[in-house]
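So the sequence shown is residues 149 to 413, counted in my numbering.
If you are wondering where the hints come from, they were derived from the structure by calculation, not from laboratory data.
Remember, predicted model here, so these are calculated numbers, not experimental data.
Careful: at least some of the hints might be erroneous.
Straight-line C-alpha distance at most 20 Å; calculated EDC-like pairs for lysine to aspartate or glutamate [to be verified]:
#, residue 1, residue 2
1, LYS338, ASP365
2, LYS343, ASP182
3, LYS309, ASP399
Ranges between beta-carbon positions, derived for each pair [to be verified]:
#, residue 1, residue 2, range
4, ASN306, PHE175, 34 to 40 Å
5, GLY275, GLU162, 26 to 32 Å
6, ALA296, ARG156, 23 to 29 Å
7, GLU358, GLY221, 14 to 20 Å
8, THR333, HIS163, 15 to 21 Å
9, PRO320, PHE175, 30 to 36 Å
10, ASP347, GLU162, 23 to 29 Å
11, GLU356, ASP185, 31 to 37 Å
12, SER362, PHE385, 40 to 46 Å
13, THR333, PRO274, 23 to 29 Å
14, GLY221, GLN384, 29 to 35 Å
15, PRO320, VAL223, 17 to 23 Å
16, ASP185, ALA397, 30 to 36 Å
17, LEU412, PRO274, 16 to 22 Å
Idealized CB from N, CA, C, for every residue including glycine.
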Amino acid sequence: MKNFTVTRKQDLLEHRPAIEELFFNSFGQRAIGDIWDWAYLDNPNGEPVVSLSYDEGRLVGHYAIVPMPLSRGDVRKQSYISMTTMVAESHRKFGLFTQLAQENYRIAAEGGANFVFGFPNSQSIPGFRKRLDWTLPESDYVATVAKATLLAAAKAVNFDKTGLLGLDLNDPVIRAWRLSRPGATYTFEKGLAFKRHQDAVDLLWWEEPEALASLPDDASINVLVSASSGLEPNRQFDYQFGGIGLRSAFDASAINREMAISDLF
149 MKNFTVTRKQ DLLEHRPAIE ELFFNSFGQR AIGDIWDWAY LDNPNGEPVV
199 SLSYDEGRLV GHYAIVPMPL SRGDVRKQSY ISMTTMVAES HRKFGLFTQL
249 AQENYRIAAE GGANFVFGFP NSQSIPGFRK RLDWTLPESD YVATVAKATL
299 LAAAKAVNFD KTGLLGLDLN DPVIRAWRLS RPGATYTFEK GLAFKRHQDA
349 VDLLWWEEPE ALASLPDDAS INVLVSASSG LEPNRQFDYQ FGGIGLRSAF
399 DASAINREMA ISDLF
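Could you put together the complete structure from these sequences and hints?
Right, dumping it as structure tokens:
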């Protein structure tokens, strides 16, 4: 087998057909399409780090991170989000996932990366915890609430983000990229970023808790919250957050978890 890591967008393009094929075999759908372009190629925050494994000309392993800088005031971290981990069924249980991820982290750290974070699915969580030594706190979840319930929770639990790292949507470059994610139309106004999703609103980002009062009144609100938010009766599904430190420590409690830092919403 041949393992190597790509760190330039232009070089990654030649592997796109192979990535498409592995994606189809892993997830049952072929098109990585516009979302892949958005995350890997159109990302203005820097170059991706993509570790690949080929066996007799066939791509059998893929571990990738893309830059998503988190900031707090004047502090900006060179952080990355882990995306699209794939190992061909024929090559599982041989440690390939671990090999690719560890090499990926080594190269990312050499390039100045502070930490990697992400939202591993239920099948991936054991591997991230046991093999990659990720810190995975008690699972966050997405809750669907009435606007009044959200405002009460924000007041009771304190949705103030002061002092926490987050994606700075007040930065016009980051905002233009993040809100250009294909498949949805986003609204950015009055200190809020959100999108309509069926009969509800996905709350991506808020500047301060008072801005939540400007959310639409005609829809329920889908919001990503921590396990301690008090919205357990409104839980729709778990959304596990975690990460690993590279050049600096990873502290999940220092990061404001909201939909804006995920590639899913």
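Each hint, compared with the structure:
Straight-line distance between C-alpha atoms of LYS338 and ASP365 comes to about 15 Å, which keeps the hinted pair within the 20 Å bound. Between the alpha carbons of LYS343 and ASP182 the distance comes to roughly 18 Å, so the proposed pair stays at or under 20 Å and holds. Distance hint between LYS309 and ASP399 is fulfilled; the C-alpha atoms sit about 15 Å from each other, no more than 20 Å. Separated by about 38 Å at the C-beta atoms, ASN306 and PHE175 satisfy the suggested range of 34 to 40 Å.
The hinted window of 26 to 32 Å between GLY275 and GLU162 holds, with their beta carbons roughly 28 Å apart. Between ALA296 and ARG156, the C-beta spacing of about 49 Å breaks the proposed range 23 to 29 Å. A hinted range of 14 to 20 Å holds for the C-beta pair GLU358 and GLY221, which are about 19 Å apart. A hinted range of 15 to 21 Å is violated for the C-beta pair THR333 and HIS163, which are about 31 Å apart.
Between PRO320 and PHE175 the CB atoms are about 34 Å apart, so this pair conforms to the stated range of 30 to 36 Å. Checked against the given bound of 23 to 29 Å, the beta carbons of ASP347 and GLU162, roughly 43 Å apart, lie outside it. Between GLU356 and ASP185 the Cβ separation comes to about 33 Å, which falls inside the hinted range of 31 to 37 Å. Evaluation of the 40 to 46 Å hint for SER362 and PHE385 yields a failure: the beta carbon distance comes to about 26 Å.
Checked against the given bound of 23 to 29 Å, the beta carbons of THR333 and PRO274, roughly 37 Å apart, lie outside it. Taking the beta carbon of each, GLY221 and GLN384 are about 33 Å apart, inside 29 to 35 Å as hinted. Hint check: PRO320 to VAL223, Cβ distance near 19 Å, so the stated range 17 to 23 Å holds. For the pair ASP185 and ALA397, the supplied restraint of 30 to 36 Å holds, since their beta-carbon distance comes to about 33 Å.
For LEU412 and PRO274, the Cβ-Cβ distance of about 20 Å falls inside the hinted range of 16 to 22 Å, so the restraint holds.
When each numbered hint is compared with the structure, violations occur for hints 6, 8, 10, 12 and 13.
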